[in-house]
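First to last, the sequence lines map onto chains C and R. 118 is the number that our numbering gives to position 118 of the first sequence; each next residue is one higher, with no gaps. 20 is the number that our numbering gives to position 20 of the second sequence; each next residue is one higher, with no gaps.
One should not assume that every hint holds.
List of simulated lysine-lysine pairs, BS3-like, C-alpha gap at most 27 Å [unchecked claim]:
1) C/76 - R/220
2) C/243 - R/220
3) R/156 - R/370
4) C/111 - C/214
No lab work stands behind these hints, which were simulated from the structure alone.
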Amino acid sequence: MGSLGNNLSPGIFRRCSMHLVYTKKRFWLYSFPMIFFYTIFIFVPIAIAFWYSLTNFRGIGEYGIVGIENFINVLKDKLFYRCLSNTLKSTFVSMLISIPLSFCLALLVQKNSLSSTIYRSVLFSPYVMGGIVVGLVWTFILDPSKGFINAALTKIGLENWTQQWIGGTILTPYCVGVITVWTGTGFSILLWLNGIKQISGDILEAGLIDGATKWQQIRYITLPLLKETLKMQIVLGFTGGLKIFDIVQSLTGGGPNHFSETLVSYMYNITFTQRRFGYGMAIAIVEFFFTMAVTLFFMRVTRAEVE
Amino acid sequence: MKNTMKGNVMAAGLAFAMTVSALGGTVVMADENVTIEIWMQGTDTTTIKDYQADFLNANPNITLDFVAGGEATTYMQKVLMAANNGNLPDIIQATCANVLGIPETGAFLDISKFIDEEWMSRFASNAFTLQQEMYGEDTIYGIPDHNEIQGWFLNKAMFDDLGLEIPVTWDEWVSCIDAFIEAGITPIAFGAADTWSRWGFDLFFERYGFIENKEALASKEMKFSDFCIPAFERIDELAKMGAFPSNTSTATYTEALELFKAGICPIITTGSFGLSDLSESEYCDDFIFSWGPEFTDTEYVQNYGTKTCSWTWWVNKDVAEDEEKLNAILAWFKSMSEPSYLQSMVDHSEGLLAYNVDSLDFSNVNGAYKSLLEMAADDYIGVGEMSSYLDPSFEASYWNAVSAVATQTATPEEAAQMLDDAQAAMP
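One chain only, chain C, in its complex shape (with noise of 0.2 Å):
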């Protein structure tokens, strides 16, 4: 026995185990839902799809493993990176816009005062809309042919600006990237002005007897309190953006020619329009992990600053 066995007293001692074990049964009692659930719903299905992803599942009948004959292919699939390389425009656009898009607003209905209020409900109502009715809805606006923009353009001669918003070759992705800031916005302007509230008011006066501007406050004060709202918004900007599917199943159905298909919008034609479960799954396994990684990448740097 250690040291602490010789310092400590029988009835301590004892008092620490049954602490301990009492701690022990609380954890796994709290703990127990959460674990529960998790294992059901997270997983249990990645094991589930990790094990189809070795096998040639059709979806229905027998089937056989294949080994790892299906990353293989996806990792030889011209398709995939087509599909990714959409995905990360998409993601890419998005981040870009909304993140400062949404710190802008959030200063401006930052204020506990009615109109702020109406602002706020405002700008959060595109969150709670369903992917399908938000392409549905941008449709209309972005079409080349019966879009509200190319009309409009149209209409104060300006044809030559017109463009095949979506549907072409080149814009649709980027355009997907600017409807999720459009849908996004509201939740990132409320992960702003939580953190904008957690930033004492004492910092902000102390900013203002020294004589800092608005402009400094922000720059100086608000912004690098903001650090760590800002990698939340980064880490959820990008996980967001890899799983679009909705918007772009609305809009485009990922065509023409999968111009504008995404990772996941490939992954569920791969499994459910083809019957190739076995490599739609190996696709969903390869976009875990290339989630997982990123993810990771930014827990890593978030760890660094706060060592």
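Based on the hints, put chain R in the right spot on chain C.
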């Protein structure tokens, strides 16, 4: 008194039997209530329910529980999962192509032994052709729902306005399309956003050698690029001419249908399944059906027409364990071959029927319907759509390749390569 009562009971029984007979229904002598669960594609179950009123009145102990399964991919996803878990409903509605792989697992009941000679005589001659090609001469897993033909509808009045004859050969088609473009009319209503709406183009491939080589293609002895590039080149030619609307890549089939129905575009690819929609148009008497262009630069047979009975009511094998339910299902199936039921389908322009229709009255049907009836009975060789001969994994790639060329996002060679890749991925 007793005799009077007996007489009343007999009279009531007779009246009931006469009513049932007049309704054309089939009475099932079941002791208990029977509920038949039926899954079907789409979102509307009201129409089909309405048609069953006579049968349900005649068989009050039977309930037909129709469940709408949504659009094709979602629906088949549910069907596959149910079949995989042994949870299929009593009956599912699907095409022969869509259920590929399911009958092989033994999930469906072979009902051939229940179809006697009299019942069989009620069906059209091609009613079971596709099933027999797929599962053998003596196997029947389901009752055909419709006789379906697919190809092109043309607005004859719009052709007449420009003094154009109805085209048959490719060159004639190109001349007509040119004339429409010159007149400022977009010739072909086509929405490539719904990649599946490519029916008329199937015949391009089938006439360039798919039918003659389908076994070699299915067994991978032959590549698609060995024969299909000319078919893609014809689609490419149409796109380059400006035959499709400028927003083809984002337009849906429904939008294309509206353009045709409104008399804006003179040509659309669709089929007999679109008849009830087309019948809503004020121009429906001007619509005529066509098998599409015939090609002179190939040696392959040209008089193919996509006409098969593909949509089928498939029966779950578990139904065999419940005799009462099985009898109820067979009675329902049989009720759908009764003349009164079929006449009601005709009167509501519900497409071509999978039954012998000699006794039905078609005098009141519209022009589009008349044209379909003529084409269904012509001497063109009936074939299935391309994907019905190949593994289900091929279908989506084929649709995508056609729409990619139509939207000019792939060259004919690239599209052919897509089909080769899809073929390589087939088991």
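Query raised in the report: Which earlier hints turn out false for this structure, listed by number in ascending order?
Result: 2
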